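Protein chains: 2
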Amino acid sequence: MEIHPFWHGYPELRKRLAKVNQVIHSHIRIKDQNIKGIINDVINSGGKLLRPAYAILCSEIGPEQDEDKAIAIAAALETLHIATLVHDDVIDQAETRRGNATLHELYDNKFAIYAGDYLFSVCFSIMSSYADSLSTISYNTRSMEKILSGELEQLHSRFQPPTSVKNYLSRISGKTAHLFALSCYIGAVESKASRQIARRAWNMGHYIGMAYQITDDILDYLGDGEKMGKPVMADAKQGIYTLPLIYTMQYDKNAVTAILDKEEPLTNNDINQLMNLINQAQGIEKAQNIARRYTNKALQQLNKLPDGDYKDTLYQLTQQLLKRTT
Amino acid sequence: MEIHPFWHGYPELRKRLAKVNQVIHSHIRIKDQNIKGIINDVINSGGKLLRPAYAILCSEIGPEQDEDKAIAIAAALETLHIATLVHDDVIDQAETRRGNATLHELYDNKFAIYAGDYLFSVCFSIMSSYADSLSTISYNTRSMEKILSGELEQLHSRFQPPTSVKNYLSRISGKTAHLFALSCYIGAVESKASRQIARRAWNMGHYIGMAYQITDDILDYLGDGEKMGKPVMADAKQGIYTLPLIYTMQYDKNAVTAILDKEEPLTNNDINQLMNLINQAQGIEKAQNIARRYTNKALQQLNKLPDGDYKDTLYQLTQQLLKRTT
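Residue numbers (my numbering), protein chains in the order written: chain A, 74 to 399; chain B, 74 to 399.
Calculated from the structure, these hints are not laboratory results. It is possible that part of the hints are untrue.
Given that identical chains are not distinguished, each listed pair holds provided it fits within a single copy or across any two copies.
Unchecked claim - Mimicking PhoX-like on lysine-lysine, the simulated pairs with C-alpha atoms at most 25 Å apart in a straight line are:
id	residue 1	residue 2
1	183	248
2	104	92
3	219	104
4	239	265
5	335	310
Note that this is a predicted model, so its numbers are computed, not measured.
Produce the entire structure from the sequences given, and follow the hints as far as they go.
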């Protein structure tokens with residue numbers, strides 16, 4: 074399968090990411106060829122493989138290098154990510170994700186629920202196939218628990234309009250940043266980095282994940298106004314607020330809720346009004362400031378990691394990721 | 074919480090099952106007290122704890138007895154069972170399960186999907202907390218994978234009318250029997266029973282699971298005709314056939330499909346007609362014969378297990394379970 078063009082400038086990493094995909098595919102043990110094909114399509118549907126990339130790079134932090142193990146770890150993390158995406162799709166009723174039609178549309182929500190369950194078990198299976206100690210498994214399992222309980226709590230908070238910056242940051246911390254942090258941390262730990270250094274890797278991953286999600290949420294508001302604004306405003310109407318809108322609520326709550334609380338679906342005029350409000354409130358600039366702050370924190374942690382080729386790649390990758398405009 | 078009245082005649086086992094519940098609850102680590110409460114309610118909603126009971130009894134097969142470990146194994150198995158039930162509820166849109174309103178009705182499908190995911194991770198967490206070897210974890214993970222891929226394949230087969238006995242048996246084998254087999258097997262293995270004996274425990278569990286599911290499916294057709302028949306016929310209309318109806322299809326396929334393939338919802342008259350056809354075809358008696366055959370096979374395996382008090386309890390429990398009328 075094709076590795077995402079994002080990795081064009083990283084030939085060595087790209088080779089390893091192709092191996093990550095192979096490991097995942099080799100763990101899909103389903104008799105029914107039809108179902109196996111569907112699951113393989115989901116895996117191939119072309120995510121960037123960011124979490125595996127960070128795990129692999131961080132597996133060069135410590136003194137012990139075992140490429141096969143690093144690739145297996147990366148595969149388990151990506152499988153976990155895919156499993157949560159498949160279930161998120163059911164939940165969000167998202168029409169598209171990554172530009173392709175989602176699994177639940179093509180093959181029904183029911184299928185997607187079981188497919189996600191199956192992928193969770195594949196994640197554990199990959200994890201237990203590489204692990205060389207029970208404590209690794211215990212640790213990883215606790216981390217997965219944390220990610221999944223985070224999703225539960227996040228869902229719950231949708232019903233309490235999350236209009237504070239603090240609430241937003243805690244939500245994306247559980248949802249996105251935790252898996253980035255875990256990816257960097259496991260890589261470091263498995264290469265036998267010291268506790269202190271592994272903790273730095275964790276922090277770096279956490280800050281990268283935070284900046285990544287904020288940047289992602291900002292990108293929803295950029296580009297062609299009406300076309301871009303519609304889906305994100307529809308989310309907002311359902312109670313899913315991201316940072317640019319939260320700053321706008323702080324600037325003029327009444328004006329925002331007057332538009333979002335209407336019974337009817339949003340009109341183009343509503344969306345234009347909201348966009349104007351966001352501009353007045355400088356919602357996007359303020360969100361960009363926060364993302365920049367997290368990026369800087371991530372780079373500070375990165376600077377403190379032991380020297381090595383991996384460090385340049387981590388630096389380049391993180392800069393590219395957080396400064397992207399698409 | 075209350076242990077199901079089914080265990081009234083088993084005071085010792087009942088005490089251990091109460092501990093199983095405690096272990097599960099102690100692994101629910103969720104900050105939000107509201108969500109924690111909901112999850113605890115699901116766990117308390119009063120299943121029979123059959124799989125834990127078999128795991129605990131089978132943990133007395135081998136020479137090494139460790140009650141805490143046996144209880145942890147049992148807790149992991151029950152958590153897996155609950156997680157699949159929560160997702161099954163979403164999928165079946167079942168109105169009630171175990172007599173209570175289901176999670177998805179009370180708190181939305183979305184919540185139920187994430188709650189099931191979380192419970193999967195709790196299952197792994199309990200599993201890795203007791204496991205004393207990586208191979209145990211690997212084995213258990215592979216078994217879980219098998220159960221979950223079984224669910225996927227079962228769902229798929231709904232669209233190919235499963236009107237053969239063979240198809241039905243293979244479906245319930247993946248869905249129910251595998252978890253019973255696993256429960257008995259893990260109990261035996263962890264008590265250091267020999268390979269041969271552990272394999273017998275597996276077979277016994279498999280046969281018990283088969284007989285249990287067939288009996289469960291038969292019970293849907295017994296009792297007050299119209300009231301009992303309606304939900305099972307509605308399932309049949311959606312392509313979910315169980316053994317009594319499959320035998321009836323073999324007896325007079327045209328008559329059955331003429332009723333089930335109608336566009337309109339089933340009337341009371343339709344249901345009465347189907348019930349008459351089932352009686353003519355002796356669908357229930359034939360299904361009971363198959364259940365009896367599996368029960369006998371289970372008891373044959375049981376007889377070959379090493380002597381011990383647990384054996385009487387296993388015998389009594391299995392007889393009670395498979396001869397029940399409610």
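Hint check results:
Proximity of residue 183 and residue 248 under a CA criterion of 25 Å is satisfied in both settings, with 23 Å inside one chain copy and 16 Å between copies. Taking the shortest Cα distances, residue 104 and residue 92 sit within 25 Å of each other inside one copy (23 Å), while across copies they are farther apart (38 Å). In this homomeric assembly, residue 219 and residue 104 come within 25 Å of each other (Cα to Cα) only across copies, at 10 Å, whereas the closest approach inside a single copy is 32 Å. When the C-alpha separation of residue 239 and residue 265 is checked against a cutoff of 25 Å, the pair qualifies neither within a copy, at 35 Å, nor between copies, at 52 Å.
Taking the shortest Cα distances, residue 335 and residue 310 sit within 25 Å of each other inside one copy (9 Å), while across copies they are farther apart (41 Å).
Hint 4 from the earlier list is the only one contradicted by this structure; the remaining hints agree with it.
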